[in-house]
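A.B. asks: Sequence:
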Amino acid sequence: MNKYAPIAVYTYNRFEHFRQTITALEKNIIAKESTIYIVSDAAASEKDEENVKKIREFSKKIKGFLSVELVFRQGNLGPAKSIFGAEREIIDLHGKIISMEDDNLTSSNFLSFMNSGLEYFKDEPSVYSICGYCPPVDLTPNLNSDIWFYPWNISWGYATWKHKYDLLNPLINNYEQLKENGILKKINRMGGLYITDSLKRDYKKQAHFPDAVLCSNMTRLDMVSVLPMKSKVLNIGNDGSGTSRGVNTDKYNVELDDGGKLEFSFECNKIISMSNTKKIAKFYNGKKITQIARYLGIYQHLLQLKQFYK
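Quick note on our numbering: the sequence shown kicks off at 20 and runs consecutively.
Derived from the structure by calculation, the hints contain no laboratory data.
Be a bit skeptical, because a hint or two may be false.
[As the list claims (entries may be wrong)] Restricting the straight-line Cα-Cα distance to at most 27 Å, the calculated cross-link-like pairs of lysine-lysine (DSS-like) are:
1) LYS205 to LYS289
2) LYS198 to LYS306
3) LYS72 to LYS82
4) LYS100 to LYS73
5) LYS51 to LYS181
6) LYS289 to LYS249
7) LYS307 to LYS219
8) LYS46 to LYS82
9) LYS224 to LYS198
10) LYS297 to LYS270
11) LYS280 to LYS307
12) LYS204 to LYS249
13) LYS219 to LYS298
14) LYS66 to LYS22
15) LYS280 to LYS306
16) LYS72 to LYS22
17) LYS280 to LYS22
18) LYS307 to LYS224
19) LYS249 to LYS100
20) LYS198 to LYS141
21) LYS73 to LYS22
22) LYS66 to LYS80
23) LYS249 to LYS198
24) LYS301 to LYS249
25) LYS280 to LYS51
26) LYS46 to LYS306
27) LYS79 to LYS66
28) LYS181 to LYS66
29) LYS306 to LYS224
30) LYS80 to LYS22
31) LYS301 to LYS223
32) LYS307 to LYS205
33) LYS204 to LYS100
34) LYS297 to LYS307
35) LYS219 to LYS270
36) LYS51 to LYS80
[Stated by the list, open to error] Just the calculated beta-carbon pair ranges, DEER-fashion:
37) ASN163 to ASN95: 28 to 38 Å
38) ASP258 to LYS22: 20 to 30 Å
39) GLY201 to GLU45: 41 to 51 Å
40) HIS227 to SER86: 25 to 35 Å
Quick caveat: nothing in here was measured; it's all calculated off a predicted structure.
For glycine and all other residues, C-beta sits at the position ideal for the given N, C-alpha and C.
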């Protein structure tokens, strides 16, 4: 078995985003020793057929990896079935995985960081995942370390292991149970108001938030994610494209780690991690009025009004 985790890139119809994502990955030091899976969902409508075809033709020519495995859906499954179905098959086969969206631009040491983290924390039961993205917040330095612990997974390029993945998947929204046993209150105290709000909206079928389902159950099991002090991922998809159409913002933009570091220190100060968690939670929760709207359960309605009056 390859010592390096397989990479899965999930894509649909954003050719230019996908091309940039693959090009950046090819520049990683250990790309040539890594297997990559390209998971391409079929077109849901005639207008998407051309871009899906372009992505698949481009994928057939990718050569910068140990091997390229093409998973081309024959019919449109939608993002959830296409992504989670492939993720399950790949992690069952390899025992670990690096999952990526098609708009995750990576640093040249991204794969090195992810694989080193997978090796270091594989037997640590409290760590669910290694994440490549770190939000643009002025973090409290974790001296002599390249990482810190965050209570929740950030899905813009993350790695995990089968034995931990199995604890939380398939994802089931158990909102009422988490509410009754105090987990939602615990998440809110930790700063995860944006998570509990999204979980409730997912539960009511107002929107689809698998990340909120995952993160809330991480808290239930007292698990955390490892985040880099310097982001290894830049999401280039917050431009109104993708599944979050209409969202066009540079709020989440970061400067990628350009230091080229290939060996990392994973020692972590938990007090510093708590301090940084508060900063990141404030960043995600938004302004005071947004936090109040989330707490009252009317944030979805405010979003709809905002779209209506645009």
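A.B. asks: Give a verdict on every hint.
C.D. replies: Hint-by-hint comparison with the structure:
{"no.": "1", "hint": "LYS205 to LYS289", "in the structure": "holds (18 Å)"}
{"no.": "2", "hint": "LYS198 to LYS306", "in the structure": "holds (25 Å)"}
{"no.": "3", "hint": "LYS72 to LYS82", "in the structure": "holds (18 Å)"}
{"no.": "4", "hint": "LYS100 to LYS73", "in the structure": "holds (22 Å)"}
{"no.": "5", "hint": "LYS51 to LYS181", "in the structure": "holds (23 Å)"}
{"no.": "6", "hint": "LYS289 to LYS249", "in the structure": "holds (18 Å)"}
{"no.": "7", "hint": "LYS307 to LYS219", "in the structure": "holds (19 Å)"}
{"no.": "8", "hint": "LYS46 to LYS82", "in the structure": "holds (12 Å)"}
{"no.": "9", "hint": "LYS224 to LYS198", "in the structure": "holds (17 Å)"}
{"no.": "10", "hint": "LYS297 to LYS270", "in the structure": "holds (18 Å)"}
{"no.": "11", "hint": "LYS280 to LYS307", "in the structure": "violated (38 Å)"}
{"no.": "12", "hint": "LYS204 to LYS249", "in the structure": "violated (30 Å)"}
{"no.": "13", "hint": "LYS219 to LYS298", "in the structure": "holds (23 Å)"}
{"no.": "14", "hint": "LYS66 to LYS22", "in the structure": "violated (41 Å)"}
{"no.": "15", "hint": "LYS280 to LYS306", "in the structure": "violated (36 Å)"}
{"no.": "16", "hint": "LYS72 to LYS22", "in the structure": "violated (33 Å)"}
{"no.": "17", "hint": "LYS280 to LYS22", "in the structure": "holds (20 Å)"}
{"no.": "18", "hint": "LYS307 to LYS224", "in the structure": "holds (25 Å)"}
{"no.": "19", "hint": "LYS249 to LYS100", "in the structure": "violated (32 Å)"}
{"no.": "20", "hint": "LYS198 to LYS141", "in the structure": "violated (30 Å)"}
{"no.": "21", "hint": "LYS73 to LYS22", "in the structure": "violated (32 Å)"}
{"no.": "22", "hint": "LYS66 to LYS80", "in the structure": "holds (24 Å)"}
{"no.": "23", "hint": "LYS249 to LYS198", "in the structure": "violated (35 Å)"}
{"no.": "24", "hint": "LYS301 to LYS249", "in the structure": "holds (19 Å)"}
{"no.": "25", "hint": "LYS280 to LYS51", "in the structure": "holds (18 Å)"}
{"no.": "26", "hint": "LYS46 to LYS306", "in the structure": "violated (38 Å)"}
{"no.": "27", "hint": "LYS79 to LYS66", "in the structure": "holds (22 Å)"}
{"no.": "28", "hint": "LYS181 to LYS66", "in the structure": "violated (37 Å)"}
{"no.": "29", "hint": "LYS306 to LYS224", "in the structure": "holds (25 Å)"}
{"no.": "30", "hint": "LYS80 to LYS22", "in the structure": "holds (25 Å)"}
{"no.": "31", "hint": "LYS301 to LYS223", "in the structure": "holds (25 Å)"}
{"no.": "32", "hint": "LYS307 to LYS205", "in the structure": "holds (20 Å)"}
{"no.": "33", "hint": "LYS204 to LYS100", "in the structure": "violated (31 Å)"}
{"no.": "34", "hint": "LYS297 to LYS307", "in the structure": "holds (15 Å)"}
{"no.": "35", "hint": "LYS219 to LYS270", "in the structure": "holds (24 Å)"}
{"no.": "36", "hint": "LYS51 to LYS80", "in the structure": "holds (15 Å)"}
{"no.": "37", "hint": "ASN163 to ASN95: 28 to 38 Å", "in the structure": "violated (49 Å)"}
{"no.": "38", "hint": "ASP258 to LYS22: 20 to 30 Å", "in the structure": "violated (36 Å)"}
{"no.": "39", "hint": "GLY201 to GLU45: 41 to 51 Å", "in the structure": "holds (47 Å)"}
{"no.": "40", "hint": "HIS227 to SER86: 25 to 35 Å", "in the structure": "holds (32 Å)"}
Against the hints set out earlier in the document, violations occur for numbers 11, 12, 14, 15, 16, 19, 20, 21, 23, 26, 28, 33, 37 and 38.
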